[in-house]
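Just so you know, the sequences run in chain order A and B. So for the first sequence, the working numbering puts the first residue at 1; every next one is plus one. So for the second sequence, the working numbering puts the first residue at 1; every next one is plus one.
Note that these hints are calculated values from the structure, not bench results. All values reported here derive from a predicted model rather than from experimental measurement. For every residue, glycine included, the Cβ atom is placed at its ideal position computed from N, Cα and C. Please note: incorrect hints may appear among the correct ones.
With a Cα cut of at most 27 angstroms, we get these calculated DSS-like pairs of lysine-lysine [claimed, not checked]:
| id | chain 1 | residue 1 | chain 2 | residue 2 |
| --- | --- | --- | --- | --- |
| 1 | A | 72 | B | 22 |
| 2 | B | 22 | A | 62 |
| 3 | A | 62 | B | 98 |
| 4 | A | 72 | B | 125 |
If you anchor each label on the Cβ, the simulated ranges turn out as follows [said to hold, decoys possible]:
| id | chain 1 | residue 1 | chain 2 | residue 2 | range |
| --- | --- | --- | --- | --- | --- |
| 5 | B | 88 | A | 119 | 37 to 43 angstroms |
| 6 | B | 22 | A | 154 | 52 to 58 angstroms |
| 7 | A | 107 | B | 58 | 45 to 51 angstroms |
| 8 | B | 18 | A | 122 | 30 to 36 angstroms |
| 9 | B | 22 | A | 139 | 46 to 52 angstroms |
| 10 | B | 86 | A | 48 | 49 to 55 angstroms |
| 11 | B | 19 | A | 146 | 55 to 61 angstroms |
| 12 | B | 19 | A | 110 | 53 to 59 angstroms |
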Amino acid sequence: MSKKNTTTAMLAASLTGDPEAAARVAAHQAETRFVRTLIDMRVEKKLSQRDLAKKMGVGPSKVCRMEACNDKELNLGDVMLYSKALGVNMSVLFDDPALPAADLIKHHVFAVHDLLEKLMKLAHTVGGDDTISGKIKQFYGEVLFNFTLGLGNSFSKLPGGSPIRLDGAEPTKSGSPAKSASARLAVKA
Amino acid sequence: MAEMWDISDALAENNRFKAFGKKHPLELAACFSNLDHIVALLNRHGNVGAFQVGFFRSEGESVYRIGQTGVKHAVETRLYVYVYTIGRTLYVLTIGDKTQQADDIRRCKEIVRTFEKGAHHEQEKHDHGHAGG
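One chain only, chain A, in its complex shape (with noise of 0.2 angstroms):
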């Protein structure tokens, strides 16, 4: 019998005849995810377990370790040293539900922050008339402008708010500015 558009946590509990083994599987998965995704980077940059090695001055038996084992097992300074070699910048973000929706919205704002700050900085290298630098102050300009909407939008909402009118633009109906081009600012560079 023919399983095709299956999926291999099923393909398992069916050959095994044991429902349990797509359980397992799907733990596997998750118990390896990270491990996973630097699998998955390295063979993006095109380079083998031995390119790798060398970029990291070990031996290639190292990082067939770290890929075989789970998340749990990795240690982080090899993360560190697997990343630096990927050429990949690694940032580590905590996300603890237990905190206020205010701390966490402030951290995500100023994470966004930071990289605007890094563009703008781009734009200067770049210099001030070239394409890029005005295609990245455009979108400065609509992100700029689809925050205030969507956020002013948001701030409408609340007991006693009144909506935020920006100039020629007005609050779309749905509430969000991405759903609706009207809304969106066409920013000249």
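For this one, chain A is given, so just place chain B on it according to the hints.
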């Protein structure tokens, strides 16, 4: 992105999976989890030559072995698959440990040869039918 790959058990030695799954369930699960990763890589990159992964090795004649990872004190396990490139399908064949490796590979290659002979025969019939009008 490349065309999507399928997985199939049409050529699988079902009894081997039942027996092995009872004795080494975690190793079997790990191999199938790694199979899932291989399928994702094939979907992303198109063919087996486009990536190198430690637990995925060629045994010749389009037969590949997928090893287990991330299982403490694991029995060295090999899940054998047939990479049928034309049909973009991975056929699961059999599973075994290191001691059974030579026999497993031999049987897998026989299964693949039989399948490819049948596929070639069907193609010839199709071509002949077309030529006859």
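Is 49 to 55 angstroms right for how far apart the beta carbons of residue 86/B and residue 48/A are?
-> violated (26 angstroms)
Are residue 22/B and residue 62/A close enough, with their CA atoms no more than 27 angstroms apart?
-> violated (32 angstroms)
Range hint compliance [Cβ, residue 22/B to residue 154/A, 52 to 58 angstroms] | Taking Cβ atoms as reference, residue 22/B and residue 154/A lie about 56 angstroms apart, which means the hint holds.
Indicate whether the distance between the beta carbons of residue 18/B and residue 122/A respects the range 30 to 36 angstroms.
-> violated (59 angstroms)
Please work out if residue 72/A and residue 125/B have their alpha carbons no farther apart than 27 angstroms.
-> violated (55 angstroms)
Lying within 45 to 51 angstroms: is that true of the beta-carbon distance residue 107/A to residue 58/B?
-> Since residue 107/A and residue 58/B have Cβ atoms about 47 angstroms apart, the given range 45 to 51 angstroms holds.
Do the beta carbons of residue 19/B and residue 110/A sit within 53 to 59 angstroms of each other?
-> holds (57 angstroms)
Taken at face value, is the distance from the CA of residue 22/B to the CA of residue 72/A at most 27 angstroms?
-> Holds: residue 72/A and residue 22/B sit about 26 angstroms apart, inside 27 angstroms.
Residue 62/A paired with residue 98/B [C-alpha distance capped at 27 angstroms] | holds (22 angstroms)
Mind checking the hinted window 46 to 52 angstroms against the Cβ distance between residue 22/B and residue 139/A?
-> violated (58 angstroms)
For the pair residue 19/B and residue 146/A, does the Cβ-Cβ distance stay inside 55 to 61 angstroms?
-> holds (59 angstroms)
Is the hinted range of 37 to 43 angstroms satisfied by the C-beta distance from residue 88/B to residue 119/A?
-> holds (40 angstroms)
When held up to the earlier numbered hints, the structure conflicts with 2, 4, 8, 9 and 10 and fits the remainder.
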